[in-house]
Amino acid sequence: MAELSTLARPYAKAAFNAALDNQQLEPWSTALSTLAAISQQQVVEDLIANPELSANAKADVLKQVAGDALNEGVANLVDVLAEYRRLALISEISEQFETLKAEQEKTSDVLVTSAFSLSDSQQKTLAEKLATKFGRQVNLTVEIDEALLGGVVIKAGDTVIDGSVRGKLAKLADAMNS
Numbered sequence: 002m003a004e005l006s007t008l009a010r011p012y013a014k015a016a017f018n019a020a021l022d023n024q025q026l027e028p029w030s031t032a033l034s035t036l037a038a039i040s041q042q043q044v045v046e047d048l049i050a051n052p053e054l055s056a057n058a059k060a061d062v063l064k065q066v067a068g069d070a071l072n073e074g075v076a077n078l079v080d081v082l083a084e085y086r087r088l089a090l091i092s093e094i095s096e097q098f099e100t101l102k103a104e105q106e107k108t109s110d111v112l113v114t115s116a117f118s119l120s121d122s123q124q125k126t127l128a129e130k131l132a133t134k135f136g137r138q139v140n141l142t143v144e145i146d147e148a149l150l151g152g153v154v155i156k157a158g159d160t161v162i163d164g165s166v167r168g169k170l171a172k173l174a175d176a177m178n179s
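Anchor point for the sequence shown: position 50 equals 51 in my numbering, and the numbering is continuous, going up by one each time.
Among these hints, one or two may not hold up.
Label-pair ranges, simulated between beta-carbon atoms [claimed, not checked]:
(1) Leu26 - Glu46: 47 to 57 angstroms
(2) Leu112 - Lys169: 11 to 21 angstroms
(3) Asn72 - Thr133: 28 to 38 angstroms
(4) Phe135 - Gln42: 30 to 40 angstroms
(5) Asn178 - Val44: 47 to 57 angstroms
(6) Asn18 - Asn178: 48 to 58 angstroms
(7) Thr133 - Leu170: 44 to 54 angstroms
(8) Ala58 - Leu170: 55 to 65 angstroms
(9) Asn178 - Gly68: 48 to 58 angstroms
(10) Thr133 - Met177: 28 to 38 angstroms
(11) Lys156 - Asp121: 17 to 27 angstroms
(12) Asn140 - Gly164: 18 to 28 angstroms
(13) Phe117 - Asp22: 42 to 52 angstroms
Cross-link-like lysine to any residue pairs, in silico, SDA-like; alpha carbons within 20 angstroms at most [stated by the list, open to error]:
(14) Lys64 - Gln25
(15) Lys134 - Thr160
(16) Lys107 - Ala76
(17) Lys172 - Ile155
(18) Lys64 - Tyr85
(19) Lys130 - Lys156
(20) Lys64 - Arg87
(21) Lys125 - Thr108
(22) Lys169 - Phe117
(23) Lys14 - Ala37
(24) Lys14 - Asp80
(25) Lys156 - Thr142
(26) Lys102 - Ala157
(27) Lys125 - Leu112
(28) Lys169 - Ile155
(29) Lys14 - Ala76
(30) Lys134 - Ser122
(31) Lys156 - Glu99
(32) Lys156 - Leu127
(33) Lys172 - Ala116
Keep in mind the hints are simulated off the structure, nothing from the lab. Note that beta-carbon positions come from the ideal geometry of N, C-alpha and C, so glycine has one too.
Sequences and hints are given; from them, build the entire structure.
Here it is, written out as structure tokens:
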């Protein structure tokens, strides 16, 4: 069977284009995130996988649980996904939608893992330097991991910058063992 990301791509692009055309990126983003969270619950996963329930019944339950979080367009997407037995793709569609949205808005989510807490001024300086490096606005999230010993690890999409002491020691050990 095709990979989930491949199956989800046309739905995510269609959802993104519909949201963009109607200038509703944020409402669609919120609705898809809500649906993704709902669809990851075990009881909902079981419902989606239940062959005894009709596509319409599955879609109706999802829309009822999501309630007012869904606009008409997202509700229609749920109906289409149910009709083509693609409800299991909701989480992947949401992730791909967010990637397209970030690209459109020229933003990037960056996770900084540090051995020690960073001051507000350090976070601001780091965000400015990363914004320059990536050529886009940066949304910085900072986590503390004392196991790094020192330094930081920066993750932005597929890019990883390991400036940690632990990372440098690992590289040194690899070089010595080669």
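Now for the hints, and whether the structure bears them out:
1. At about 28 angstroms, the CB distance of Leu26 to Glu46 disagrees with the hint of 47 to 57 angstroms.
2. One distance hint, 11 to 21 angstroms for the beta-carbon pair Leu112 and Lys169, holds here, with the actual separation near 19 angstroms.
3. A hinted range of 28 to 38 angstroms for the beta carbons of Asn72 and Thr133 is consistent with their spacing of about 37 angstroms.
4. Restraint check, Phe135 to Gln42: a C-beta distance of roughly 35 angstroms satisfies the suggested window 30 to 40 angstroms.
5. For Asn178 paired with Val44, a C-beta distance near 49 angstroms keeps the hint of 47 to 57 angstroms intact.
6. Between Asn18 and Asn178 the beta carbon distance is about 51 angstroms. The supplied range of 48 to 58 angstroms therefore holds.
7. Distance hint check: the CB atoms of Thr133 and Leu170 are about 29 angstroms apart, inconsistent with the given range 44 to 54 angstroms.
8. Taken as a hint, the range 55 to 65 angstroms holds for the pair Ala58 and Leu170, whose Cβ atoms sit roughly 56 angstroms apart.
9. At about 57 angstroms, the beta-carbon gap between Asn178 and Gly68 stays in the expected band of 48 to 58 angstroms.
10. At about 35 angstroms, the beta-carbon gap between Thr133 and Met177 stays in the expected band of 28 to 38 angstroms.
11. Restraint check, Lys156 to Asp121: a C-beta distance of roughly 21 angstroms satisfies the suggested window 17 to 27 angstroms.
12. For the pair Asn140 and Gly164, the beta carbons lie near 20 angstroms from each other, so the given range of 18 to 28 angstroms is met.
13. Distance hint check: the CB atoms of Phe117 and Asp22 are about 46 angstroms apart, consistent with the given range 42 to 52 angstroms.
14. As the CA atoms of Lys64 and Gln25 are separated by approximately 19 angstroms, the hinted pair is consistent with the 20 angstroms bound.
15. Note on Lys134 and Thr160: the hinted pairing holds, with a Cα-Cα distance of about 12 angstroms set against a maximum of 20 angstroms.
16. A threshold of 20 angstroms between alpha carbons decides the hint, and for Lys107 with Ala76 the separation of about 28 angstroms lies outside it, so the pair is violated.
17. At roughly 17 angstroms between alpha-carbon atoms, Lys172 and Ile155 fall within 20 angstroms of each other, so this suggested pair holds.
18. Note on Lys64 and Tyr85: the hinted pairing holds, with a Cα-Cα distance of about 16 angstroms set against a maximum of 20 angstroms.
19. Annotation: proposed proximity of Lys130 to Lys156 holds, straight-line Cα distance about 14 angstroms (limit 20 angstroms).
20. Proposed proximity of Lys64 and Arg87 is supported: the alpha carbons are some 15 angstroms apart, at most 20 angstroms.
21. With a C-alpha separation of about 16 angstroms, the suggested pairing of Lys125 with Thr108 holds against the 20 angstroms cut-off.
22. Distance restraint check for Lys169 and Phe117: the Cα-Cα separation of roughly 17 angstroms lies within the 20 angstroms cut-off, and the hinted pair is therefore satisfied.
23. Simply put, Lys14 and Ala37 have alpha-carbon atoms about 16 angstroms apart, close enough for the 20 angstroms limit, and the pair holds.
24. The suggested pairing of Lys14 with Asp80 holds, with an alpha-carbon distance near 17 angstroms, which does not exceed 20 angstroms.
25. At roughly 10 angstroms between alpha-carbon atoms, Lys156 and Thr142 fall within 20 angstroms of each other, so this suggested pair holds.
26. With a C-alpha separation of about 15 angstroms, the suggested pairing of Lys102 with Ala157 holds against the 20 angstroms cut-off.
27. Taken as a hint, the Lys125 and Leu112 pair is honoured in the structure, with Cα atoms around 14 angstroms apart against an allowance of 20 angstroms.
28. At roughly 14 angstroms between alpha-carbon atoms, Lys169 and Ile155 fall within 20 angstroms of each other, so this suggested pair holds.
29. Distance restraint check for Lys14 and Ala76: the Cα-Cα separation of roughly 16 angstroms lies within the 20 angstroms cut-off, and the hinted pair is therefore satisfied.
30. This hinted pair checks out: Lys134 and Ser122 have alpha carbons roughly 18 angstroms apart, not beyond 20 angstroms.
31. Between Lys156 and Glu99, the direct Cα distance comes to roughly 17 angstroms. Compliance with the 20 angstroms bound is thereby established for this hinted pair.
32. About 13 angstroms separates the Cα atoms of Lys156 and Leu127, which keeps this hinted pair within 20 angstroms; it holds.
33. Distance hint between Lys172 and Ala116 is fulfilled; the C-alpha atoms sit about 18 angstroms from each other, no more than 20 angstroms.
The structure shown violates the earlier hints numbered 1, 7 and 16.
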